[in-house]
Amino acid sequence: MKKIIVVCLLLFYSLASAAAFSGFDAIFSDATEETDSSAKDFSWKGKAEVSLEGFPKGGMLDPAESISFDLEWNTSRVQTSASLSFSNTLQWDELLTDLSLTTFVKNVRIEAGFLTKEWGSGDGVHVVDVPNALDYTNGITDDLLAMKVPEPMVIVSSSWGNTALELLYKPIFTPMKTSMEGRWSLLPATFFAPDGTKATITDSQTSKLSYSQFGSRLSTVWGPSDISFIYFNGYYSQPGYKNLVFDFSDPLHPYVTSVEVQYTKAQLFGTALTVVAGPYTLMFEGGYYLSEDKEGTDPTLYNSKWVYEAGIGMFLFGTSTYGSLMYNGHRTDHFDQVDVLAGDVDAYQAYGGKAYGNTLTAALEIPFARDTLSLRLAGTYQIETKGYAFLPSLQWEISDSLVFTAKGRLFGNVSGDEGNIFKTWDENDSVSIGISFLF
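For reference, each letter of the sequence shown is one residue, going -18 to -1, 1 to 421 in mature numbering (1 follows the signal peptide of the UniProt record, and there is no 0).
In short, the hints are calculated from the structure, not lab data.
Treat the hints loosely; a few may be bogus.
Here are the simulated lysine to aspartate or glutamate pairs, EDC-like style, with alpha carbons at most 16 Å apart [as the list claims (entries may be wrong)]:
| # | residue 1 | residue 2 |
| --- | --- | --- |
| 1 | K29 | E379 |
| 2 | K336 | D353 |
| 3 | K224 | D185 |
| 4 | K389 | D411 |
| 5 | K276 | D315 |
| 6 | K27 | E54 |
| 7 | K159 | D177 |
| 8 | K389 | E31 |
| 9 | K389 | D125 |
| 10 | K27 | D382 |
| 11 | K247 | E277 |
| 12 | K405 | E366 |
| 13 | K130 | E100 |
| 14 | K130 | E163 |
| 15 | K336 | D321 |
| 16 | K29 | D80 |
| 17 | K276 | D318 |
| 18 | K29 | D52 |
| 19 | K224 | D321 |
| 20 | K180 | D117 |
| 21 | K336 | D318 |
| 22 | K389 | D44 |
| 23 | K389 | E379 |
| 24 | K247 | D208 |
| 25 | K368 | D321 |
| 26 | K159 | D185 |
| 27 | K39 | D411 |
| 28 | K27 | D52 |
| 29 | K29 | D44 |
| 30 | K190 | D280 |
| 31 | K389 | E35 |
| 32 | K39 | D80 |
| 33 | K99 | D117 |
| 34 | K130 | D177 |
| 35 | K99 | D111 |
| 36 | K159 | D117 |
| 37 | K99 | D80 |
Given only the sequences and the hints, what does the whole structure look like? Please build it.
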């Protein structure tokens, strides 16, 4: 991965320079050189941020400091950008948060680099958004783009009239990022011994061309509607497990001592629709993930599944307050063949042991004081397990260069003890404050 970042940085510089000066012989006339030189535009901006997050139930404080830079260099033919982030908790592979080079050939747009893209019509939540994996190492937030992992990819797009086509290629596979242990761990409880020792986990090496993926999105505008058709050939982002070795010293509470990680190939056939109806925006997504395990007979691979989503967004009562409500879910094929005792990966991902899972997500954004103060109330509720996450936040733009933020995260169950991610994170309720300086 480190080699890929270095290569991309070199390509970023060399390709941008080459594209700025290459061309036919006529380009090198004095007049043209003067025009190209005047067309160059370099700009940069940065942000320094200090924040403090407290976990009342654990009595812990997590300080965080970060500084980030956004760089842009544009010529008449090429647009280049890079984002770098430095923090006290930074891992080396998190340094580069964006690196892109964009050029145009007639009406064809070509973009390459470490990119973050969003596919789908939903407001903050999607079921057909396949370009990027998500990062759960610090739990969840109400900012989907902030949770996305930048991935190396190439996107070629073109449009004619009201129709546009995007072609996506990802040379390697980047799985979802999770914590293996600690407060945000997503590992099954059976992966830990009674004394808390974690199972030995052997991961797959997915930074290979053999894990390349590709997809396409065809979008068109039809009256008040914006509809798109999506195809993707790649992998489920969540890990699967094989070759589990159990310790049965306590027959009533066996646990895994070692396991190998693998990933399931899958194809997505999906669609997304947005309809503007007066003050309302209606949003729909749906699709089918066709797994390599079509019959659902391999417990180490994820089954095929249907996914769906519907939502509505609107400005309330003619004000600048915006509210949205999203309903999404999935239904797993051949769930009757899922064997919990065999360590079937579909059982680990099931909600309350059911073939289906449905979730409600709502958000309300309320601006105050001429938009310098903004209150956002967001939350999600998992219907089958009655688990919830409440994510309020407040942002105050003190000046053009100074911003104060306060955020909260509250997890739990409305009732019952059904297993779900929010019940697992019940002790992780937190409050954070931060201040950012923009320059």
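Checked hints:
no. : hint        : verdict
1   : K29 - E379  : holds (14 Å)
2   : K336 - D353 : violated (44 Å)
3   : K224 - D185 : holds (11 Å)
4   : K389 - D411 : holds (11 Å)
5   : K276 - D315 : holds (9 Å)
6   : K27 - E54   : holds (9 Å)
7   : K159 - D177 : violated (25 Å)
8   : K389 - E31  : holds (14 Å)
9   : K389 - D125 : holds (12 Å)
10  : K27 - D382  : holds (13 Å)
11  : K247 - E277 : holds (14 Å)
12  : K405 - E366 : holds (13 Å)
13  : K130 - E100 : holds (9 Å)
14  : K130 - E163 : violated (21 Å)
15  : K336 - D321 : holds (12 Å)
16  : K29 - D80   : holds (15 Å)
17  : K276 - D318 : holds (14 Å)
18  : K29 - D52   : holds (9 Å)
19  : K224 - D321 : holds (14 Å)
20  : K180 - D117 : violated (21 Å)
21  : K336 - D318 : holds (10 Å)
22  : K389 - D44  : holds (14 Å)
23  : K389 - E379 : holds (15 Å)
24  : K247 - D208 : violated (30 Å)
25  : K368 - D321 : violated (24 Å)
26  : K159 - D185 : holds (12 Å)
27  : K39 - D411  : holds (7 Å)
28  : K27 - D52   : holds (5 Å)
29  : K29 - D44   : violated (20 Å)
30  : K190 - D280 : violated (24 Å)
31  : K389 - E35  : holds (9 Å)
32  : K39 - D80   : violated (35 Å)
33  : K99 - D117  : holds (14 Å)
34  : K130 - D177 : violated (34 Å)
35  : K99 - D111  : holds (9 Å)
36  : K159 - D117 : holds (5 Å)
37  : K99 - D80   : holds (11 Å)
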